[in-house]
Amino acid sequence: MDAAEYALMDAVEDRMWWYRALRARIVTALEDRPGAPGPLLDAGCGTGGMVAALLAAGITRPIVAFDYVAEAATRARAKTGLPIAVGDITCQPYPDASFGAAISLDVLGHRSLEPPAALAELHRVLAPGGTLILNLPAFEWLKSAHDARVHNARRFTTRSIRALLGSAGFTAIDAGYWNALLLPLMVLQRKVMAREPGGASDVAAFPPWLDASLHGVTVVEHWLARRRLRYPAGGSVLVVATRP
Amino acid sequence: MSTDTSVDPRLLEILVCPVTKGPLRYDRTAGELVSEKAGLAYPIRDGIPIMLPDEARKF
Chain A
473 MDAAEYALMD AVEDRMWWYR ALRARIVTAL EDRPGAPGPL LDAGCGTGGM
523 VAALLAAGIT RPIVAFDYVA EAATRARAKT GLPIAVGDIT CQPYPDASFG
573 AAISLDVLGH RSLEPPAALA ELHRVLAPGG TLILNLPAFE WLKSAHDARV
623 HNARRFTTRS IRALLGSAGF TAIDAGYWNA LLLPLMVLQR KVMAREPGGA
673 SDVAAFPPWL DASLHGVTVV EHWLARRRLR YPAGGSVLVV ATRP
Chain B
14 MSTDTSVDPR LLEILVCPVT KGPLRYDRTA GELVSEKAGL AYPIRDGIPI
64 MLPDEARKF
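Protein chains in written order, with this note's numbering: chain A, 473 to 716; chain B, 14 to 72.
The following block holds chain A by itself, in its conformation from the complex:
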């Protein structure tokens, strides 16, 4: 991503409905499947908002995080006070079986990496019984100017990520779509009101009333999902798997 996108992310990620919804999902997923004993890895931590949210939620296990981009790592360190390294998810600077759980949020679509190489490394650094949680952009047909801006080269389906995780040796794969209730709005914004390739980021400081409304929709959706409601489609795929 370019420097301006990181500055934007750093500035709005604590408020914007999309990030708040994502964090609530990850906190819940980690409560449900904490994995093996040991630290949590955030592989591709960006500007550190997820780590900060986990600390705020009272997580007690140690957290280790890295990002591929030095500017993001610097911002993440400032935001969390944790030691952050610059690293490559396909060539990670940690010993085998170092972590009891790992999260990697909207990283595997990045144009600079091959998902099988990234998953092989995540498998290596996780201890047996460890949990892997991924968030991924859904559906190739939703690709838009925002993907280009954040250097996203591919989008996923629950079927495609299940296959990749299975090949990498993960088990107990639970993959589902979310941001389903807002999918029609996303299609409207990305396809009907389609902007030029150099168009603006989808990350923005929304007017407070709109941010609150969109966040409200995600809260309802999360509540329904926790009651095992499965959505047939959505803007993102959330996946939880175990490294056996």
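You may find that some hints are simply not true.
Simulated coverage check for chain A against chain B, where a stretch passes if three residues somewhere in it have a Cβ under 8 Å from a Cβ of chain B [what the hints assert, rightly or not]:
1. 542-548
2. 558-564
3. 567-573
Hints are computed from structural coordinates only; laboratory data are not their basis.
All values derive from a computational prediction rather than experimental measurement.
Here a beta-carbon is modelled for each residue, glycine too, at the ideal position from N, C-alpha and C.
Start from chain A and add chain B according to the hints.
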């Protein structure tokens, strides 16, 4: 770019060479994490270790 080449001791405990997965030696004077086996020295910039083989100094 800051010249802060000190590094958090918590990072020294966990980091290994991303190529060999072997140990690193912290060279405080040079501000580098050195992987003898790989022949690579990873720079520390602004207190952040850059664990990318492409950015490491070869020796």
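Name the hints, by number, that the structure is in violation of. none
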